[in-house]
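These protein sequence lines are chains A and B, in that order.
My numbering puts the last residue of the first sequence at 882; the count rises by one with no breaks.
My numbering puts the last residue of the second sequence at 118; the count rises by one with no breaks.
You may find that some hints are simply not true.
Straight line, CA to CA, 35 Å or less: simulated DSBU-like cross-link-like pairs of lysine-lysine [claimed, not checked]:
1. A:K704 <-> A:K683
2. A:K119 <-> A:K242
3. A:K546 <-> A:K289
4. B:K90 <-> A:K47
5. B:K48 <-> B:K95
6. A:K215 <-> A:K704
7. A:K119 <-> A:K289
8. B:K48 <-> A:K683
9. B:K48 <-> A:K47
Here are the in silico distance ranges between beta carbons for each label pair [claimed, not checked]:
10. A:A75 <-> B:I107: 42 to 48 Å
11. A:D30 <-> B:I107: 33 to 39 Å
12. A:D30 <-> B:P29: 17 to 23 Å
These are calculated hints, taken from the structure and not from any lab test.
Predicted model, so just to flag it, every value in this text is computed and none were measured.
Beta carbons are placed, not taken as given, at the ideal position from N, Cα and C, and that holds for glycine.
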Amino acid sequence: MRLWDWFLRRQREDDLQDEIRAHLSMAARDRIEAGEDPDRARQAALKEFGNVTLTREATRRSWGGAWRDGLAEFAQDVRFSVRVLLRSPAYALVVIAVLALGIGANVSVFGLFKGLALKPIPGVEGSARLGVLVARTAAGRILPLSHPDFRDMQRDLRSFERLAGTSMDAFTIGYGSRAERTFAELVTGSYFQVLGVRASLGRTLGPSDDVAPGKHPVAVISNDLWRRGFASDPAIVGQTIKVNGFPLTIVGVAEPSFRGTIPGLSLDLFMPVMMAPQLRGVDLLAVRKAPMLWGIGHLRPGAGTTAADAEAAALWPQVATRHDTREVDQRAAVIPMWRSPFGAQTYMLPALALLGLMGVLLLLVVCANVSNLVLARGVTRRGEIAARIALGASRGRIMRLLLAESLVLALPGAALGVLTSRALGFLLRNNAVTVAGFARPFIDASPDATVVVFALALSCGASLVFGLMPALRSSRVNLAGIMKDDLSPRGGSRGRLRDALVVAQVAVSLLLIVGTGLVVRSLRAAQTADTGFDARNVASLALDVKPSGYDEDRGRAFYQRLLDTARADPGVESAALASALPLMLVDGSSHALEIDGVPPQRGEDRRVPTNVVSPDYLRTLRIPLLTGRDFTQADTPSVRLVAIVNETMARQYWTTPAQALGRRIRIDGGPWRFVVGVARDIKYARVTEDPRPFVYLPLDQAYKSDLTLHLRGRGAAGLLVRAQALVHSLDDNLPVLAAQMLSDQTAVAFTVFTLVAGVLMTFGVFAMILTALGTYGLVSYAASQSTHEIGIRLAIGADRSEVLRRFLARGLRLGIVGAIVGVVTAAAASRVLSSLLYGVSATDAVSFSSAIVVVIGVVLAASLLPAWRASRTDPIAALRHR
Amino acid sequence: MEQRAAVTRLDLLQGTLDMLILQTLQWGPQHGYAISQTIRSQSSEALKVETGSLYPALHRLERQRWVKADWRISETNQRAKYYRLTPTGKKQLLKERDRWDQLVAAIAGVLNPNPAKG
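Isolated chain B (complex conformation):
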């Protein structure tokens, strides 16, 4: 019981990071450092991904087979572990985006009540 409640709470947070990672990988395979840099720059430095969350998330996504990883040589000649989206990962991304949109809409509804509907 207790554990399930904890998971739902975490789910939201984790889910968000997961979604961001999956979204980043949509444009092609990336290694962990690049993913964190991308999220950081695209959020205009607002979102800083802790490595303590990033790597567990990546490994978790790999376990769930939403991403696949292999070692490649980067353009800077550095051996790095590249993650890429799998077909199920793509589906998952769509699902998460959908849920995110609903969540945003719902929260927006609460924050800006529309008297016409009420």
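Isolated chain A (complex conformation):
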């Protein structure tokens, strides 16, 4: 395209040259015919023609495409800038590196944002605009729809082009001799068509896999599982995979880019929802009050989320008439993908917003710093610029040239940004598995066209920000002054501008450091927060006996034996089983709760998370029992059914823990259970969660086949290995699905904090270094400008320490002004932070005061060297200089 343009232009040039040549030769011939001497005729013709170059230039301009000329001129400027910068490589390298860091940081954050919000579902076109159909209770809680409700809505809802239903769950999968725990989706027949995802091998699931309950024992696996579990076996189609012990035939492998519809997670398996009864062990397909499916689909063109939501709300009453009246007050609702309650965006987006904000601040510091450098360089280039102006260049032309130079400095930043973004994408992909147990996090942070465009736009923006002011200033030179070889800066205004840039840097650095301080202190608070349980020295082993062929009776017997053997081990202090682990970031399943004698208030949605535990669970995790008793082996299915509730639940419904004992509750419409104990609250899913009701059910009265063995050791090393050996001593073939120390597992809960704190600290340190450089440069410059004056002062008897004080004071003054501006801004802006903070107030005095100390300290330290140098000035040399 550009080559073609260039070619056309070239041809036109030649054309014009020929035309002018023809003109001249015809004019000369006319003169010769009139009797002139040929040589003189040619000269006369040339003279008459006038300035050939000027004519050509004027004609060229009439070819139009002013932008094309502009582009050519710009290309020329760029070439010139590159040449000029190559002549001072140190300056160019420093500026380019500083800019690249600032831009790179922002592009990387943007890459994450893209992966979470702009393209939340890899492999699906336009996934950010997907609508999600949910049920919203009167209390504002978002739940999945029940299977029958979903089918009704799917049939009648017009706002979606097509709607698919999906239900995510953890499953134990077995293939060959291996077994593991993984997240998978149960989906309706339209799922793959709705998302436009194809199979790279075999077929996807279709409507024919969505006909009758229990009749479609098939599955599509992810490319990831295919590679990881089957070594990319080309003959995968037709093989069997066991899901929770139930055999399914693999019918296809999904295309590599697709990883399921939970943002931030990589899912391995897609199975027909019609198989849910077989796979989950309970048949809820026809139960209207059992939340099960999220609806997902592209909205029709022109139908926004709001319109779709209105339609869902309007349709709901029809569906609701098929419900029992006693149920929770809820309705169908449509929400945009990024607000859906599942997936990483729920906890990552606020953190990203903060990082983005801080990234912009960092870039501002970078720009202020570079601006200062460019400004200083502008002084040395005044001669050149004055010459250009003297030769007739307009001020606009000079500015364009200087801005082109800025762009040349900033564009490598875009390239580096894209590269760091790429590296980050890589890092996320390869380190993900180790971070979060068996859930496989996946955020596609690798750069795509959007990221590249963002990087370019950011560089252009940055080059304007740091280049405009110096360009404005440099292009306004005093010709007369330059001609008189006066290269000193004019008046105080230049100094004021540089002062302002340093003040801005100090202020923004302070903002960054306050933010970092707040997040780091939050991290500390969260890490030392009372989670309510003691995760140290506890090994956790995830098991599932059902896939290994244990029915309920044999399973119960096995688990009892396992506990007995473990407790007999001298290295084990106590042992217990539980169905859920604490602090896994995701809310476990929650269940409908009924309380005898306390009817739900209108609009109240009584759902409560539960954990099925064996006796001794509370003791093993050191969760104090406030009143009543723990479960015992006597709590068998044949005696009175019991439950333990947490303190919050006891206080909420029965005012005191003691009052709760002996009351009756019911879970999911099951049998009534008596409350026999009240346990203290712990942090169940997240460190930052609010206190909420929680129910423990005894394992013997609510059997589950997938459980996690918790062993509290006596402090000896090798507890994990010991625990695994213990399991294998009872059943050599039973796979251990995940084995981790509980403290490692719960460390995941701090991932977001740690990540944000780490990045912010890097930003903060970087900003401080830049500010120090800026201050150092300013004070050195001021000192070098007043060498003469210092010389005079010293000569007439001034004290050296006085000179030192004077330049230190100069830096300090700027530092203080900057700090004040920064503190005021930070105080105003800290409200933005509060959603990310834990255990510290957004106006935390420690964070603010330490930031002030750090910033002023750095400014002072940076002024010290140039100030000291100034005080060492040799008066003789200084005075001889002029």
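Using the hints, position chain B against chain A.
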């Protein structure tokens, strides 16, 4: 704003040259040198067209598709670029002449006020 004002001012000047060129081409295709010679001789040497204005004007007219250009061999056996009027160029010439007549009449009106009308 500023630019538009400049264009109107230039328009008058350019327009005049454009009109003269178009008028010259009415009698058949011509190359640049011949056009300048024709204008010069027909204005009895009063109007001398600068090449610095002529060639930009020709190329501009070509861009606006009022003239079309091709390379031919002249009667003196010289390869030259000949310009010829296009149908739209003819229409444009009529329009410009019209405007010119109005302008002349208007200026004449100002210079020789007619008391009977006033």
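Now the hints, each set against the structure:
| no. | hint | verdict |
| --- | --- | --- |
| 1 | A:K704 <-> A:K683 | 23 Å, holds |
| 2 | A:K119 <-> A:K242 | 32 Å, holds |
| 3 | A:K546 <-> A:K289 | 27 Å, holds |
| 4 | B:K90 <-> A:K47 | 34 Å, holds |
| 5 | B:K48 <-> B:K95 | 24 Å, holds |
| 6 | A:K215 <-> A:K704 | 25 Å, holds |
| 7 | A:K119 <-> A:K289 | 33 Å, holds |
| 8 | B:K48 <-> A:K683 | 94 Å, violated |
| 9 | B:K48 <-> A:K47 | 14 Å, holds |
| 10 | A:A75 <-> B:I107: 42 to 48 Å | 47 Å, holds |
| 11 | A:D30 <-> B:I107: 33 to 39 Å | 36 Å, holds |
| 12 | A:D30 <-> B:P29: 17 to 23 Å | 19 Å, holds |
Hint violations for this structure: number 8 only, all remaining hints satisfied.
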